[in-house]
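There are 2 protein chains.
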Amino acid sequence: MVGGGYIGLEVAEALRNLGKRVLLFEMMPHVLPTTFDEDMAKLIHDELIKNGVELHLNEKVVGFRGVNGHVNKVITEKGEYNIDKVVMGVGVKPDVDLAVKAGARLGETGAVWVNEYMETSVPNVYAAGDVAETWSLITGKRMYVALAPPANKMGQVAGANAVKGRFLKFPGVLGTAVTKVFSLYVARTGLTERQAREEGFKPVSTTIKARTTAHYYPGGVQVNIKMIIDESSGRVLGVQVIGPDKIIAGYIDVAAALIGKGATIDDFFFADLSYSPPTAPIWHPLITAARVLSKGKY
Amino acid sequence: MVGGGYIGLEVAEALRNLGKRVLLFEMMPHVLPTTFDEDMAKLIHDELIKNGVELHLNEKVVGFRGVNGHVNKVITEKGEYNIDKVVMGVGVKPDVDLAVKAGARLGETGAVWVNEYMETSVPNVYAAGDVAETWSLITGKRMYVALAPPANKMGQVAGANAVKGRFLKFPGVLGTAVTKVFSLYVARTGLTERQAREEGFKPVSTTIKARTTAHYYPGGVQVNIKMIIDESSGRVLGVQVIGPDKIIAGYIDVAAALIGKGATIDDFFFADLSYSPPTAPIWHPLITAARVLSKGKY
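Chains as they are written, first to last, in our numbering: chain A, 1 to 298; chain B, 1 to 298.
As a list, the in silico DSBU-like pairs of lysine-lysine whose alpha-carbon atoms are at most 30 Å apart:
1) A/164 - B/297
2) A/202 - B/169
3) A/209 - A/50
4) B/297 - A/141
Residues of chain B placed beyond 12 Å of chain A at every Cβ, according to the derived structure:
5) 95
6) 125
7) 162
8) 200
If you want a taste of the chain B side facing chain A, the calculated C-beta under 7 Å gives, among others:
9) 148
10) 149
11) 156
12) 174
13) 176
14) 178
15) 179
16) 187
17) 246
18) 252
19) 256
20) 260
21) 270
22) 273
23) 274
Calculated from the structure, these hints are not laboratory results. We put the beta carbon where it would ideally sit given N, CA and C, even for glycine.
Let the hints inform the model, and build the full structure from the sequences given.
Set out below in structure tokens:
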């Protein structure tokens with residue numbers, strides 16, 4: 001497997017489940033390099049290794065070799081490996097040919113430029129989904145995010161406006177995403193700590209371990225939550241959650257709902273989230289993370 | 001079991017799990033009468049009956065009879081029933097004696113009046129938790145909500161302000177709650193449709209069925225979601241979710257997070273919630289409910 005993004009991890013899992021030997025090559029220092037911070041990605045590395053994936057990080061694939069039209073070697077900067085098949089999952093590129101032929105302008109990300117009505121630069125031509133550029137709800141900056149939920153909503157906006165005129169506005173995205181890596185669920189929304197720094201914020205973060213149930217309730221598991229805030233404003237910029245229970249998809253959705261409304265750690269602390277012993281600890285893990293970041297305010 | 005509130009349902013389940021015959025008496029037409037609408041409560045009735053609870057709705061208990069100090073009959077308005085033990089779970093009343101002795105004023109709900117700093121009417125006396133009154137984040141009206149998460153937060157606010165002066169403000173509650181009834185998880189936040197009408201809103205609601213996973217992914221189950229909005233403003237007033245998967249606690253938390261920030265159905269529709277086949281359908285069930293209520297806008 002070449003590439004440690006969402007698709008790379010999902011394919012690696014599927015192939016291991018079929019009993020295949022799997023080598024995973026990622027040129028960056030950790031998997032999910034653009035969507036998770038390294039400290040959280042290490043939990044995924046442990047899970048991959050535990051499940052027999054041979055992890056090759058910091059190792060750029062530079063070529064392949066084969067005989068009779070069949071590949072049998074991967075060549076990296078560090079060595080050569082005998083293999084039978086190669087799956088490449090090295091990112092998504094928008095297919096802009098049709099839009100370019102129609103005269104539509106491309107944005108700074110290389111995807112089709114659209115405004116909040118999903119109008120391209122050509123009158124009466126709309127673009128939506130994996131072909132179109134979008135923008136961050138946090139920074140306002142142009143982004144290219146090829147994920148299904150915003151694609152569907154952009155399509156809805158484009159369709160409604162195409163029929164009714166300027167009717168719906170697309171507000172932007174947080175890049176909220178979740179996937180399953182063997183027995184772990186991994187989810188994220190907003191900016192990573194590295195991205196927050198690159199965007200000029202002064203990020204502060206905490207990484208906590210929390211249980212998914214009251215401490216005495218059977219069946220609870222431990223999950224890891226990283227929360228990143230802007231130090232000066234207390235605004236929550238991003239959250240990453242990893243743990244062996246799909247309930248963490250709910251955690252990331254709560255975080256996305258709040259971050260999308262510009263929430264601070266105060267808003268997280270006072271969010272009236274549910275509690276019952278089988279479903280959550282009394283202090284919801286997101287609230288606990290906000291408390292830690294409040295430096296004793298809560 | 002006398003009383004079909006959260007405690008009544010939990011005790012009924014525990015006793016059935018011990019193999020006991022259980023009669024559940026509720027004077028109102030449905031269980032959870034103050035926190036769920038009747039249409040949703042009916043799903044809980046089905047689950048109780050399926051699990052052998054003998055459900056007596058619209059049936060007020062008026063007395064008990066016994067011999068030698070041991071109860072052996074429940075008397076209701078409709079009849080008499082032989083029983084061995086009685087558990088009463090008929091609401092929560094704040095124990096205000098100490099506060100009253102200290103001269104603290106009681107609020108309209110009968111609990112100790114406090115302001116947003118958790119100060120009582122007596123200088124330097126604070127109250128928090130099940131003894132104190134709170135208020136609705138939606139209507140601003142005084143409420144008495146004896147639930148653990150707001151109790152803990154009120155305690156945090158009271159403690160911080162007692163030490164540091166007026167430092168933290170408690171914003172109010174939505175009455176977010178979740179419990180487990182046999183194999184169902186039932187959760188709610190905000191106003192019920194009946195409460196919304198009583199509060200002077202013009203509520204419109206929808207009740208949808210949705211799956212917890214992509215349609216082709218194994219292990220998904222069907223859940224029921226009711227969403228109540230104010231017709232004129234589109235503001236979401238309340239959500240109720242019932243289904244056989246604890247992931248619905250996440251749904252109610254997302255709803256609570258958004259409603260707490262005054263969200264409309266537009267905010268629900270555009271919330272950047274996560275998607276992956278094992279954890280959610282592409283259109284998150286809350287987004288689908290918002291779409292239905294948008295009457296073709298989305």
